[in-house]
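Go ahead and model the full structure; you've got the sequences and the hints to work with.
Using numbering that gives the first Met the number 0, the first residue of the sequence shown is number 0, and each one after it goes up by one.
Since the hints were made in silico from the structure, they are not lab data. Ideal Cβ positions, reconstructed from N, Cα and C, are used throughout, including at glycine. Any given hint could turn out to be false.
Each pair of labels, with its calculated beta carbon distance range [unchecked claim]: (1) 74 to 48: 12 to 20 Å; (2) 95 to 74: 26 to 34 Å; (3) 45 to 114: 40 to 48 Å; (4) 125 to 101: 25 to 33 Å; (5) 110 to 45: 33 to 41 Å; (6) 110 to 5: 33 to 41 Å; (7) 39 to 78: 30 to 38 Å; (8) 101 to 126: 44 to 52 Å; (9) 117 to 70: 51 to 59 Å.
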Amino acid sequence: MGFIRDFREFAMKGSVIDLAVGVIIGAAFGKIVTAMVDDIIMPLVAMVTGKGQFSDLFYVITPGKETTAYITLEEAKAAGANVFAYGHFLQTIVDFLLIALCIFVAIRALVRLQRKKEVKPPAEPVLPTTTEILLRDILGELKKERR
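Next comes the structure, spelled out in structure tokens:
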């Protein structure tokens with residue numbers, strides 16, 4: 000029974016729950032950024048480069064059965080060509096950089112909001128208590144008597 004109780008205490012800690020929420024939100028956020036890349040950014044890249052996606056970029060190392068120019072990576076692979084398919088790697092890097100940038104901007108905004116909350120109004124000067132005033136007066140009188 001101790002194992003189950005310990006596991007329940009571990010699972011109910013705030014940090015574990017925060018981590019679980021972060022993972023779920025991160026997965027959803029990744030899908031949003033991937034959709035933005037696929038549907039907004041890559042069409043603009045396609046206008047400039049003439050390729051629909053980075054994942055279509057490849058270099059033929061040795062041609063396959065057909066030695067004609069391969070238009071798509073699938074054609075090259077189907078013909079048995081040995082290809083250096085660097086486009087998928089580039090696409091993954093672009094996705095990662097955009098996700099990292101979006102997360103950085105979001106965290107930076109949260110930190111700024113948190114700093115604004117932490118700014119405390121200046122503390123009012125603490126007035127001495129009656130006891131402190133009396134002790135100060137007594138000390139002053141004692142110093143006068145010593146002279």
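Tested hints:
1. 74 to 48: 12 to 20 Å: holds, 18 Å
2. 95 to 74: 26 to 34 Å: holds, 28 Å
3. 45 to 114: 40 to 48 Å: At 42 Å between Cβs, range holds.
4. 125 to 101: 25 to 33 Å: violated, 46 Å
5. 110 to 45: 33 to 41 Å: At roughly 36 Å between Cβ atoms, residue 45 and residue 110 fall inside 33 to 41 Å, so the hint holds.
6. 110 to 5: 33 to 41 Å: holds, 34 Å
7. 39 to 78: 30 to 38 Å: holds, 33 Å
8. 101 to 126: 44 to 52 Å: Since the Cβ atoms of residue 101 and residue 126 sit about 51 Å apart, the hinted range of 44 to 52 Å holds.
9. 117 to 70: 51 to 59 Å: 58 Å Cβ-Cβ, so the 51 to 59 Å window holds.
In this structure, the one hint that does not hold is number 4.
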